[in-house]
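Enquirer: Next come the chains, spelled out residue by residue.
Number of protein chains: 2
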Amino acid sequence: MDVETPKRPKVVIVGAGFAGLTAATKLAKADVDVTVLDRHNYHCFQPLLYQVATAELSPADIAWPIRHVLRRQKNATVLLGTVSSIDLEAKKVIADTATLDFDELVIATGATHSYFGNDEWEKSAPGLKRIEDATVIRRRLLMAFERAELSNDPAEREALLTFAIVGAGPTGVELAGAIIEVARQVMPSEFRKIDPRTARVILIEAGPRVLPAFPDGLTDYARRSLETMGVEVMTNTRVVNVDANGVDLEHGRVDAATVIWAAGVVASDAGRWLGAKTDRAGRVIVERDLTLPGNRNVFVIGDTAAVSREDGSPVPGVAPAAKQMGAYVADVIASRAREAVPPPAFVYKHQGDVATIGRRSAVIKLPRANMTGFSAWLFWCFAHIYFLIGARNRIAVAFKWVWDYITFHRGARLITDQRDQL
Amino acid sequence: MDVETPKRPKVVIVGAGFAGLTAATKLAKADVDVTVLDRHNYHCFQPLLYQVATAELSPADIAWPIRHVLRRQKNATVLLGTVSSIDLEAKKVIADTATLDFDELVIATGATHSYFGNDEWEKSAPGLKRIEDATVIRRRLLMAFERAELSNDPAEREALLTFAIVGAGPTGVELAGAIIEVARQVMPSEFRKIDPRTARVILIEAGPRVLPAFPDGLTDYARRSLETMGVEVMTNTRVVNVDANGVDLEHGRVDAATVIWAAGVVASDAGRWLGAKTDRAGRVIVERDLTLPGNRNVFVIGDTAAVSREDGSPVPGVAPAAKQMGAYVADVIASRAREAVPPPAFVYKHQGDVATIGRRSAVIKLPRANMTGFSAWLFWCFAHIYFLIGARNRIAVAFKWVWDYITFHRGARLITDQRDQL
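Protein sequence lines correspond, in order, to chains Z and L. In this text, residue positions in the first sequence follow our numbering: the first is 408, and each later residue adds one. In this text, residue positions in the second sequence follow our numbering: the first is 408, and each later residue adds one.
No lab work stands behind these hints, which were simulated from the structure alone. Nothing here was measured: the structure is a model prediction, and the numbers come from that model. Worth double-checking, as some hints may not be accurate.
Any copy, or any two copies together, can satisfy a pair, since identical chains are not distinguished.
Below are the SDA-like pairs computed for lysine to any residue, each with C-alpha atoms no more than 25 Å apart in a straight line [unchecked claim]:
#	residue 1	residue 2
1	K536	P723
2	K530	T823
3	K433	S596
4	K433	K756
5	K756	G624
6	K436	D696
7	K417	A502
8	K536	T823
9	K536	I822
10	K417	N702
11	K530	I822
12	K536	Q758
13	K600	S491
14	K436	F598
Turn these sequences into a full structure, and let the hints guide you.
Expert: Laid out in structure tokens, this is it:
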């Protein structure tokens, strides 16, 4: 009989969003070798992407190099690469840059926007999931004002100054509030031919109310706040087509040069890589310990996993849920490595829901209380500063918020890489 | 005889760099209508571009919307557009977005990098003149380390960790110093397979010394400082070819995955638009009052103009010279508008030369004194903070410099838009 040298398990984590990065950092003290693979070199703080899209923050304010975050974690290696397939039999992840052997695999590749089968709409209506999306939207938003100033055709000018946002979840509400503020508070003194205050921001929602995850009282408050700010809110309004000049609704049409898609998400390709059963949104259906059915060494977490709460309702696709799943699988993997009993099932703790409405209001639903208005907005600010990674970014973002709150300016109004200009 | 209503002269300024923007702001009180046309919506503070290229600052830290700078100047209109031609007869500027009538025209369209007739080198060796150039260089610099970490071939790894900079003027020297610091101070703790400290930074200069505009003592100091930091300085070394894998020298070759071009500049296309006589660098030869020979209503200023000092030597292509020319033509145009006698000739006042060498040294040549070392570097910091536009950017940049000085970090290490990746 051979005596085997004990070998440290190889853990491969694909994706360094909230779920994957939390799994990696929680494995710091485990007796395993961790490799984090991501197609970007940075972790992006998605909750503030809308502030990059609306020219308040710079991309670097909300993104950090993954290898910088993990620099002191000696058991972690970071590699750049895009997964093309996974060989479950041979236990290999095949990426464009490397092939990685694994003993335990954690898939945390997130979600992207879904056009419900109309992918051709993407060109006219970009979504907001990645840094590149945010700079595309920023460019279109700023270019619309520039082109309106250049136009001599009143109808064209009106379409250029109309911004349609499809989907009234937190992202849609936050974008609508930020864009109306750019139009009414930031831009007016800077244009000579157009009056940016005449810009229309239209928030289009298929369902009966904005912020559907929130209770009725907060929903009503959010809608009233948006309308007071000047946003036109259209609920029970289904979009049937999107083109370069606007959106067709079930009844009527909105001519808008800028359309932003905040309506739906679809999970990453992980289901295909794994040959796994997925739900309608492409999320992999996992066991209660977040493993792939029939394969206890493959975990799927974050927005790519379809996970249910104890009452049967789905775990929402929010950052705290992703982090909790990351921490849970790290616990399972670390327990297995030291031959302890892993926690039997993932239990999601809902911490609350939050959405800002412009620069001085927010709605927050906590387990035991709701908050609205300025105090909710301050709470939101502090929470987001707290969850940013790194003191440098915390200070820089806090400074920019305070400064722009006082001055009504926007500090990152660059139109770069004008490929889709004019 | 008809009585004419006095008409306000229409001044069109093409280009909102240091020259054009200074001309515009100095015309604030003149009885003229000013239109500023630029192909970007922002003014870029070029002296700090190398800090964007080396991941210290974000693009928005060194760029401001032109219309924001001019928002309170009621006689100024800002338009986005790219000039295609100029009709001097009909007094019209023809751009892709608009056609503008002018009574006085100021051309301030700057310069770009010159490959001395080898434009095919640009693909392999980007230059550093615009925000987009800086993000291209940043991406290549960061990707080189990522690819080296992924590589298993020692020769490839060595080429990936070799950075060649062609041209040892201030831009080349500043890039070399910043890149060796990224390699030796920022990156080492973050990689597992490679040792970033082994990276080579090679500064290649055709002439006999670095910083040729500086006196010998400062040149020697700069060279010694660079070499102490680890930069390999090759003077009297002519580049005969550039390809994707390195540069061929007159004698020998350097294998380098990253090559940056800081060797020469060529003026914008203004000479062609105007059908004007230009010097070898494409700069329009102007009269002593910066007008086009034979056309007193067309001015050419900044890096696009070939202007001589009183001793016959050329006015250098630096920010203070551009600003002085902008202020001078504003004075001429304002004088004409109020029917006063304009100042007869532009006189350049040289304020000094400055270049930083890494994070704690600089060389400065002032009219009456020279400075080197840490005190020169502090002087450089304060001067650049002072010349930035807007308190928000001043505070943000100062904070980032102090923070990164203490921590040895780099805050803007994003690889975005990976079109030329891998």
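Enquirer: Against this structure, judge whether each hint is valid.
Expert: Hints versus structure:
{"no.": "1", "hint": "K536 - P723", "in the structure": "within (16 Å within a copy, 46 Å between copies)"}
{"no.": "2", "hint": "K530 - T823", "in the structure": "both (18 Å within a copy, 19 Å between copies)"}
{"no.": "3", "hint": "K433 - S596", "in the structure": "between (50 Å within a copy, 19 Å between copies)"}
{"no.": "4", "hint": "K433 - K756", "in the structure": "within (18 Å within a copy, 61 Å between copies)"}
{"no.": "5", "hint": "K756 - G624", "in the structure": "within (23 Å within a copy, 67 Å between copies)"}
{"no.": "6", "hint": "K436 - D696", "in the structure": "within (21 Å within a copy, 72 Å between copies)"}
{"no.": "7", "hint": "K417 - A502", "in the structure": "within (16 Å within a copy, 59 Å between copies)"}
{"no.": "8", "hint": "K536 - T823", "in the structure": "both (19 Å within a copy, 14 Å between copies)"}
{"no.": "9", "hint": "K536 - I822", "in the structure": "both (19 Å within a copy, 16 Å between copies)"}
{"no.": "10", "hint": "K417 - N702", "in the structure": "within (16 Å within a copy, 75 Å between copies)"}
{"no.": "11", "hint": "K530 - I822", "in the structure": "both (18 Å within a copy, 23 Å between copies)"}
{"no.": "12", "hint": "K536 - Q758", "in the structure": "within (22 Å within a copy, 48 Å between copies)"}
{"no.": "13", "hint": "K600 - S491", "in the structure": "between (51 Å within a copy, 23 Å between copies)"}
{"no.": "14", "hint": "K436 - F598", "in the structure": "between (57 Å within a copy, 19 Å between copies)"}
Hint compliance for this structure: no hint is broken.
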